[in-house]
Amino acid sequence: MIIECKCKKYKFKIPDEEIIPPGRTLQCSICNEEWYQEFKINSVNTPNIKEDNQKDLLKEMNPSKNKSKLSNKKKAKEKKEKRSYLLILTLIFFLLIFIIYKLAFHYKDLVISSNPSLINFYESLEIITEILKANINFIKEITLEAIKKIQNKI
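Numbering (the working numbering), first residue to last: 151 to 304.
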(Lines of atoms letter the chains of each structure in order from A and count residues from 1; the text may use other names and numbers.)
(Lines give C-alpha, C1' and ligand atoms only; values in the text may rest on other atoms or scores of the structure.)
Protein backbone atom coordinates (compact mmCIF):
# COMPACT_ATOMS: atom_id res chain seq x y z
CA MET A 1 0.00 0.00 0.00
CA ILE A 2 1.25 3.49 -0.81
CA ILE A 3 0.58 6.18 1.79
CA GLU A 4 1.19 9.90 1.81
CA CYS A 5 2.86 11.79 4.65
CA LYS A 6 0.82 14.24 6.68
CA CYS A 7 2.87 17.10 5.19
CA LYS A 8 1.73 15.95 1.71
CA LYS A 9 5.31 16.06 0.34
CA TYR A 10 6.36 12.41 0.61
CA LYS A 11 4.87 9.04 -0.25
CA PHE A 12 5.89 5.64 1.06
CA LYS A 13 5.14 2.02 0.35
CA ILE A 14 4.06 0.02 3.37
CA PRO A 15 4.43 -3.80 3.26
CA ASP A 16 1.11 -5.64 3.28
CA GLU A 17 1.96 -7.45 6.53
CA GLU A 18 2.18 -4.08 8.34
CA ILE A 19 -1.32 -3.05 7.26
CA ILE A 20 -3.59 -3.86 10.18
CA PRO A 21 -7.19 -2.61 10.05
CA PRO A 22 -8.59 -0.29 11.25
CA GLY A 23 -5.27 1.65 11.28
CA ARG A 24 -2.14 2.63 13.15
CA THR A 25 0.10 5.56 14.09
CA LEU A 26 2.84 6.25 11.53
CA GLN A 27 5.86 8.54 11.45
CA CYS A 28 7.50 10.01 8.36
CA SER A 29 11.17 9.03 8.14
CA ILE A 30 12.01 12.34 6.46
CA CYS A 31 10.10 15.10 8.25
CA ASN A 32 9.28 13.13 11.48
CA GLU A 33 5.57 14.04 11.32
CA GLU A 34 3.29 11.58 13.14
CA TRP A 35 -0.29 10.79 12.19
CA TYR A 36 -2.91 8.09 12.46
CA GLN A 37 -3.45 6.26 9.17
CA GLU A 38 -6.66 4.36 8.57
CA PHE A 39 -6.37 1.26 6.40
CA LYS A 40 -9.22 0.07 4.23
CA ILE A 41 -8.98 -3.42 2.84
CA ASN A 42 -9.54 -3.47 -0.90
CA SER A 43 -9.84 -6.71 -2.78
CA VAL A 44 -8.95 -4.87 -5.96
CA ASN A 45 -5.25 -5.10 -6.76
CA THR A 46 -3.21 -2.44 -8.47
CA PRO A 47 -3.22 -2.54 -12.27
CA ASN A 48 -0.69 -4.79 -13.95
CA ILE A 49 2.42 -2.63 -13.89
CA LYS A 50 5.76 -4.20 -14.50
CA GLU A 51 7.77 -4.58 -11.31
CA ASP A 52 10.64 -2.44 -12.65
CA ASN A 53 8.28 0.43 -13.44
CA GLN A 54 6.74 0.14 -9.99
CA LYS A 55 10.20 0.32 -8.33
CA ASP A 56 11.08 3.40 -10.39
CA LEU A 57 7.80 5.00 -9.38
CA LEU A 58 8.53 4.31 -5.71
CA LYS A 59 12.02 5.81 -6.03
CA GLU A 60 10.50 9.00 -7.40
CA MET A 61 7.91 9.13 -4.63
CA ASN A 62 10.32 8.42 -1.76
CA PRO A 63 13.38 10.67 -1.94
CA SER A 64 14.97 9.14 1.17
CA LYS A 65 15.54 5.88 -0.72
CA ASN A 66 17.04 7.77 -3.63
CA LYS A 67 19.85 9.61 -1.81
CA SER A 68 23.27 9.37 -3.35
CA LYS A 69 26.63 9.18 -1.62
CA LEU A 70 27.31 12.72 -2.74
CA SER A 71 24.42 14.08 -0.71
CA ASN A 72 25.71 12.21 2.36
CA LYS A 73 29.17 13.71 1.86
CA LYS A 74 27.58 17.13 1.44
CA LYS A 75 25.65 16.71 4.69
CA ALA A 76 28.79 15.61 6.52
CA LYS A 77 30.65 18.64 5.18
CA GLU A 78 27.80 20.97 6.22
CA LYS A 79 27.76 19.40 9.69
CA LYS A 80 31.52 19.90 10.04
CA GLU A 81 31.21 23.53 8.88
CA LYS A 82 28.41 24.11 11.40
CA ARG A 83 30.57 22.70 14.22
CA SER A 84 33.45 24.94 13.16
CA TYR A 85 31.13 27.94 13.08
CA LEU A 86 29.79 27.16 16.57
CA LEU A 87 33.33 26.70 17.89
CA ILE A 88 34.35 30.08 16.48
CA LEU A 89 31.27 31.75 18.02
CA THR A 90 32.02 30.15 21.38
CA LEU A 91 35.62 31.34 21.28
CA ILE A 92 34.54 34.87 20.37
CA PHE A 93 32.02 34.82 23.24
CA PHE A 94 34.65 33.80 25.79
CA LEU A 95 37.12 36.30 24.38
CA LEU A 96 34.57 39.10 24.85
CA ILE A 97 33.85 37.96 28.40
CA PHE A 98 37.59 37.93 29.13
CA ILE A 99 38.04 41.46 27.71
CA ILE A 100 35.12 42.79 29.76
CA TYR A 101 36.55 41.08 32.85
CA LYS A 102 40.00 42.64 32.29
CA LEU A 103 38.49 46.09 31.68
CA ALA A 104 36.38 45.80 34.83
CA PHE A 105 39.47 45.14 36.94
CA HIS A 106 41.57 47.73 35.13
CA TYR A 107 39.08 50.49 35.92
CA LYS A 108 38.07 49.09 39.34
CA ASP A 109 39.19 52.13 41.36
CA LEU A 110 37.52 54.57 39.00
CA VAL A 111 34.25 52.63 38.97
CA ILE A 112 34.16 52.19 42.77
CA SER A 113 34.91 55.87 43.37
CA SER A 114 32.00 56.89 41.14
CA ASN A 115 29.71 54.04 42.22
CA PRO A 116 30.47 52.76 45.76
CA SER A 117 27.58 50.29 45.64
CA LEU A 118 29.62 48.13 43.23
CA ILE A 119 32.09 47.07 45.93
CA ASN A 120 30.10 43.86 46.49
CA PHE A 121 30.19 43.16 42.74
CA TYR A 122 33.98 43.42 42.68
CA GLU A 123 34.31 41.24 45.78
CA SER A 124 32.16 38.59 44.10
CA LEU A 125 34.23 38.89 40.94
CA GLU A 126 37.42 38.31 42.93
CA ILE A 127 35.93 35.22 44.59
CA ILE A 128 34.88 33.84 41.19
CA THR A 129 38.40 34.53 39.89
CA GLU A 130 39.93 32.49 42.72
CA ILE A 131 37.52 29.62 42.11
CA LEU A 132 38.33 29.62 38.38
CA LYS A 133 42.07 29.65 39.08
CA ALA A 134 41.71 26.68 41.43
CA ASN A 135 39.66 24.74 38.85
CA ILE A 136 42.15 25.51 36.07
CA ASN A 137 45.04 24.33 38.24
CA PHE A 138 43.12 21.14 39.09
CA ILE A 139 42.43 20.44 35.40
CA LYS A 140 46.08 21.14 34.61
CA GLU A 141 47.23 18.60 37.23
CA ILE A 142 44.81 15.92 36.00
CA THR A 143 45.88 16.48 32.39
CA LEU A 144 49.58 16.25 33.29
CA GLU A 145 48.98 13.01 35.23
CA ALA A 146 47.09 11.52 32.28
CA ILE A 147 49.91 12.51 29.90
CA LYS A 148 52.51 10.91 32.23
CA LYS A 149 50.48 7.68 32.37
CA ILE A 150 50.25 7.60 28.58
CA GLN A 151 53.98 8.24 28.24
CA ASN A 152 54.77 5.44 30.71
CA LYS A 153 52.67 2.99 28.66
CA ILE A 154 54.56 3.88 25.50
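Wrong hints could be hidden among the right ones.
DSBU-like mimics (lysine-lysine), calculated; alpha carbons at most 35 Å apart, straight line [as the list claims (entries may be wrong)]:
1. LYS159 - LYS190
2. LYS156 - LYS258
3. LYS230 - LYS299
Cβ pair distances, simulated, as ranges [claimed, not checked]:
4. ILE152 - LEU239: 42 to 48 Å
5. LEU241 - LEU268: 27 to 33 Å
6. ASN265 - ASN285: 14 to 20 Å
7. ARG174 - GLU291: 36 to 42 Å
8. LYS227 - LEU275: 29 to 35 Å
9. LYS252 - GLU183: 46 to 52 Å
10. LEU241 - MET151: 27 to 33 Å
Read the hints as simulated data drawn from the structure, not as lab findings. Each residue gets a CB set at the ideal place from its N, CA and C atoms; glycine is no exception.
**Prompt:** So which of those numbered hints doesn't the model satisfy?
**Reply:** The structure breaks hints 2, 6, 7, 8, 10; every other hint is satisfied.
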